[in-house]
Each structure stands twice: as C-alpha cells, then as structure tokens.
Amino acid sequence: MDFNDTPQEAEFRAKCRTWLEANAELKTKKTNSAKNMNVGNKSLLEAAAEWQKKKYDAGWAMIHWPKEFGGIGATPIERIIWAQEESKFNVPKGVYEIGLGMAGPVMMEYATDEQKERYLPPMAEGKEIWCQLFSEPSAGSDVAGLRSKAVQDGENWIVNGQKVWTSGAHFSDYGILVVRHDPSLEKHKGLTFFFVDMKSPGIEVKPIKQLTGGSSFNEVYFNDVVIPDSQRLGEIGDGWKVAITTLMNERLAVGDADGVDANEAFELAKKHDKDGEQLIDNNAVRESIADWYCEASGLKNTKLRTMSALSRGDTPGPEASITKIVSANKLQAIGNFGMDSSDMSGMLMDEESDFIKFQMAWMGAAGLRIAGGTDEILKNIIAERVLGLPQEARADKGLAFKDIPSGS
Amino acid sequence: MNLDFSDDQKLLQEEAKKFLTKEDALKINRAVMDSDKTFDQGLWDKIVELGWTGIRIPEEYQGLGLSHLELCVIAEELGRQLAPVPFSSSVYLFTEALIEFGSEQQKNSILPKLVSGDVIGTLAIAETNSAPHKDNILVELKDGKLSGTKIAVPDAEVATHAVVVAKNGDSVSLCVVDLNSNDVEINVQRNIDESRGYYSVSFNDVDAEIIGDEDSGWSNLEKIMDHAAVLFSFEQIGGAQASLDMANTYAKERYAFGRPIGSFQSMKHKLADMYVALTLAKSNSFYGAWALSSNAAELPTAAATARVSATKAFQLCSQENIQTHGGNGFTWEYDCHMFYKRSKVLSLNLGSLPSWREKLIKSLEQANVKL
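So the protein sequences, as listed, match chains A and B. Residue numbering for the first sequence follows my numbering, starting at 1451 and increasing by one per position. Residue numbering for the second sequence follows my numbering, starting at 3 and increasing by one per position.
Any given hint could turn out to be false.
To be verified - Quick list of in silico lysine to aspartate or glutamate cross-link-like pairs, EDC-like style, CA-CA up to 16 Å:
hint: 1; chain 1: B; residue 1: Lys364; chain 2: A; residue 2: Asp1793
hint: 2; chain 1: A; residue 1: Lys1721; chain 2: B; residue 2: Glu367
hint: 3; chain 1: A; residue 1: Lys1720; chain 2: B; residue 2: Glu367
hint: 4; chain 1: A; residue 1: Lys1750; chain 2: B; residue 2: Glu187
hint: 5; chain 1: A; residue 1: Lys1720; chain 2: A; residue 2: Asp1632
hint: 6; chain 1: B; residue 1: Lys364; chain 2: A; residue 2: Glu1737
Simulated from the structure, these hints should not be mistaken for lab results.
Could you build the full structure based on these sequences and the hints that come with them?
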C-alpha cells in the first residue's frame, strides 16, 4: 500500500500541473466561494467558454477522447489525475459538464461517423453547448414513464410534449432527447432517442425558479418540433437502452456533493459559544463531527480504492455507488449544524461572511439528494445491482403504456 | 496510487478463509457457546501451527517477520467466521506491546514462545465501571510487586501472561506478569458473548517487570490501542460482511405476501444502508492499515477513524441482520445472535464507540489533520 503515483502517473500529473499553473489561478479560500457556482449569468458563460477553448487548443478539453475529436486518448487514471489537478484551480464550472459528461458519450457510441466529426469537436471546444432532455412532469424517478410523443412523418419525426429539470437548456445549442414513439407498446419498448437542435421552431424554454432563488434548470416545451430521422440515436424502440448509457454516465458525473464538510464544521465549532462554553467542547457536537469526519474520510478512501483499481488497469468494484447518498446527506446535516451553531440568528444571510456557506449547503443539499437519482432510487440500485435483490413487484408490467394507471 | 492489498496478501487471505471454512469455525463457535468453555483449543493449536501468532514477530525470534498488512487480512477472516480463539488478546494486544516496547531481554524470552504457542498473552486495563483513565488506575506497582484487581480482562484463563496497566508512584507504567503465579487469582465473569471469556484478575504482591519507559505507560498504552484499533477494525468488517451476506441470502429466499422479502423497498433500503456503512468502514480500515504498516504520523487519526466506522458498521449490520430474519433471528438456532454479540464485545473490548469518537476529535485537535 502506498499513496504515490507510479512514475508514469507522476510524470502525467506534473504535465497537467505545469500547464494549469501557466493558464489558471490556484484556488484560495476567497476564490472558492459559493458565488462562483451560479449558472445562467452571462459573464460565467463567457468565462467558461474561454476556459474550455483554452483547454481544447492545448489538448486538455476531453483528454480521454480519441485524437480526431480533440482528445489525447488518455487512460481512466489519467482522466482522474487531470480532474484532481484541475479542481485545485479556480476555473469556471457549471456550463459544459452535462453536455460533455452525458451527451458526449452517447454521441460517441451511437452517432454516425459524419455526425461525430460534425458535432464532437465543437462540443469539446465549447463552441456548442449540449443539454439533456429526459425528465417530464409525470416521469421523474420513473423516467421510462415519459409521455412526450414522436410521430414519424416520412424522413422526419414530429415531437410534442414537455420536458422538465433541464439544466442549461436556456443557453444550450443542442440536446439529447428521449420520447415515446408508440404508446401501444410496453413502457420501456415504446421509446426512441434523438438529438435535437435547441433553436428548432416550436421549442420553448422557460426557467424554473429553485428554492435557492436561482434558476439553473428549465421547463422545455415541444410544439410540433421537426426532427430529421438522421438525428435518431439507436434503433426505433431502443430509446431506453440508449438512455441507460447516459444515466450511468450521469451518476458518475453528479458524484460528490461540493460544499462545507467536517473540517468546516470543526472550525465553526471552535468559533461559537453556547452557555459559556465553546461549541467544540460540547459532547454532542464532538460526536457529530467525529461521525461526519469518518464519512468524509470513508468517501475519500473509497475513491482512492477505485483509483487503485484503475491504476492497475482493473475495473473498479461497485463501491463508488455510495458517494452521492453519503455526501448529500452529510452536506444537509452540516448545513443544519452550522445554522444551529448561531442559534437565534442562524437564519441571517450575509454575502460577505463565510457563514453563508452553511446556509447554501443546507439549501443546495435538498436538491442534491434528488438530482441524478434520488436517495431512494440510488438505494434501490445498490440493492438490485450490487446485492442482487429482486425487483419490486410492479403494477405496470406487461401492460401497453397507454393502459398503465397514471393517477390522472 | 495503491490503497489495496498485494496479490500475495490476498492469496494469504484466501488461504485463511479456506482454512477457517474447512475447520467450520462458525460451528466451533456455536459449540463453544453451548459449552462452559470460552475458546476452542483444537482450532487455536492449528492456528499456532500455521504460524499466524508469529506473523509480525521478527525472524530472529522465530516469527515470520511479515507486516501488519498480513495481520489485517487474517483478522478480517477471523472476524468473518467468528473464530473462538484468544487471537485478538494475544496477537493484537500483547504481542504488539512486546514488539513495540519490550526490552531485548523481554523479547528474547517471550516472543519465540508466542510463536510456538507456549505463551498466550492478554492486556489488563479496566478496574471499574467507568472508562479507564490515567487518573483512575488503582492497581499498583511498588518495588517490582503488583497488587490490586483488574476486571473484564479478555482470555485471562487461557493466557499465561498479561501486560498490566498499573499506577507507579505519580505515573502509570505497563508491566508484564506471569499469570500462572500463585499470587494471581482469576475468576470468570459472565458476559454477553458466550463464545468469549472475560475475567477478573487479582494480583497479590505478584512479581512484575516494567515494559517500556516507566513514566510513559499511559501514552504507550494509547499507542498499543491505536495498533489494536486497526486490527480489530478488520475483524469488525469481516463480521459486518458476513452479517450482510446472511441478510442478503435470507431476503432472497424468504417469501411473504407472495414474493421474496428482498423485493420490498423497505428491505432493499435497509440492506443498502448496511452496504453503505460497510463500504465506508472498509475504506477507512484500508487507510488505517496503510497508516499502521507505514508507521505514519496520521496513525492516531487513521486508527480512530477506522475504529469508529468499523464499530458502527458491524453493530448496524449484525443488528439489522436479526431484523431481516424476523422471529428466526431472535432464536438461539440461527447464527444471527453470534454476530450481534461479537459485534458488541469487539466494540467494548477496546473502549466504547463514544470513547473512540472522542479520541478521534482529540487527535484532530492535536494533529490539525485535514481531510
């Protein structure tokens, strides 16, 4: 056991580091603030585009992609090393992750060679932004229950319906889309997958105001939107299979909940008093912080085990499946703790104070426990895919989609 | 980056697993529970023969001279199959103390006998119903003689020697005592796990030899506890994995309301929670194993982190395994209770969960360790 890179890994890390140091600024306590994470703000879009282009020109944009699409054919472990190093720098985030993390792999697997040549390089370069159009008002955790309709019309499909929770739809150029082409088939069999130009006539994007007050995602309406059959990904009726590829990538992409952790709770507890004693001297506080520290350390070491497997060239085990469940719940608990530590004034927000991180954590965590698979769905996945437990008895099995009870 | 055991270590683990399965350690454990014994001599003799008691003992003292990592993989298997032997007392506590703090002469006279099985050791700390502390140790060492009573001493009946924590003037010292002396009285104390033995041990002016610096007894004890915490954590994750496996098998086989109970979300979420706790514990134990085997400065923090996570995981998995089995889980006939009881004695044997959470926070305060 050791925590050192192999000589090749060390060399690669040094290369990443050299380039990053020449082109970006290391994070400091000040630059690592919650404010930098807001999306939908013009200057962030510009900053993100600039950074993406810089990376692309130097070959760092999508390093695991083949050369012809702008990558360098990096190994999985090199990809992690790059991400680790990049995360130490203060660079714009929140614009390209979904497109590159979810649309990219699907296009890579299902698009024609000409389409890959046309769409992948601009995606990597940051010239074109992609979004993902899966969830619907009546299809959240049960995403295969989606109702948006596609009807074939010669060389084209006509799409009608509504998507929801679409991050970045308001600034995206293209989107990947699952729709129902035949409601008389069983639920999972009647779905087909496309990519769509977000500037197509009939697409209307309406921002959703989140409980944080910000708007990073949208409702997207489709009114007689025409999509050429050439933009179909996979066979007619294979939409679910293609979507699963994307969802697996999403689960990897969402991963760790960013924000305050055991260390910040520990520092805060040293600053606040209760009944004349420092909070850090209170037993209940000490026990909670110890447990959060163990969870944070457990997640970090779980990641290192995954990396160890990749470094050996092995396929990692299923251990990373615990990441989001643990980190999002911990974030919510620490957010709560932070505000409680200020007692009667814990609700007061001050943009200039570090304390706001706890309030942002508390609000953000409520969404993180849902995004990219709710706690409940992720636990089902661990139970079924890792532990091999049987599926829940279902009320929709064997029925044509149109006959499935919908409660409306 | 390599936070994993080597192929050789994994092979050793596989062999240990095969051996304990062939011996049917779990069945032996049940037999011990049904008898008035507190360990199994036959299984212990075979373990000594395999050389496991000498894994960490240097070759110059006839041991195998291997690292803590080899000991960790063995510990995981002993924990998985609940082997009823004095391994934790003799190897994780007594032998570690001797290797770490013994004088050349003490090592020469005792270590080879630990390898051969002629010496079995234990560690005696507790005296009252409060957590031991350097200010409440009353067993006293004076002019080379030890007096007073220790309680909840593991494996004292089968052990030939003990390291005893004793008050020595104004400080605390560790000393080695021959338990076969006429002036030592050992009485079994009833405990929650019928497959383990805990005893009161009274010393009546018994010859005792100081081990390690005589004024550093308490800090040396803390170091021994850090070593043991990592090794115990591997027994705990072994037991937690066995409990989760049992619950998983049962949830697939047991039908209720016309379907396997494992198809109900309430059961899936329960088992997923067990998997999450176990995964965190396993990863932290790997980190503890690294810190222990490389004698890293982070050891106190890493050991406490492994200990807290592994204690929580084994307690959760063994208790929810009973719950998954319903009424059957509460019977003597099913194995669930053996894991439940072992999870609790493994936790208390080195000090409770709250005590280790406190140690963890103290280590963070002192070392200023950051994640």
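Hint by hint, here is what the structure shows:
1. Among the hinted pairs, lysine 364 of chain B with aspartate 1793 of chain A is inconsistent with the structure: their alpha-carbon atoms are about 25 Å apart, more than 16 Å.
2. Under the criterion of a C-alpha separation no larger than 16 Å, the hint pairing lysine 1721 of chain A with glutamate 367 of chain B is consistent with the structure, at around 14 Å.
3. At roughly 10 Å between alpha-carbon atoms, lysine 1720 of chain A and glutamate 367 of chain B fall within 16 Å of each other, so this suggested pair holds.
4. This hinted pair does not check out: lysine 1750 of chain A and glutamate 187 of chain B have alpha carbons roughly 48 Å apart, beyond 16 Å.
5. Taking the CA atoms of lysine 1720 of chain A and aspartate 1632 of chain A, the gap is about 61 Å. The hint is violated against a cut of 16 Å.
6. Distance restraint check for lysine 364 of chain B and glutamate 1737 of chain A: the Cα-Cα separation of roughly 11 Å lies within the 16 Å cut-off, and the hinted pair is therefore satisfied.
Checked against the numbered hints above, the structure violates hints 1, 4, 5; every other hint is satisfied.
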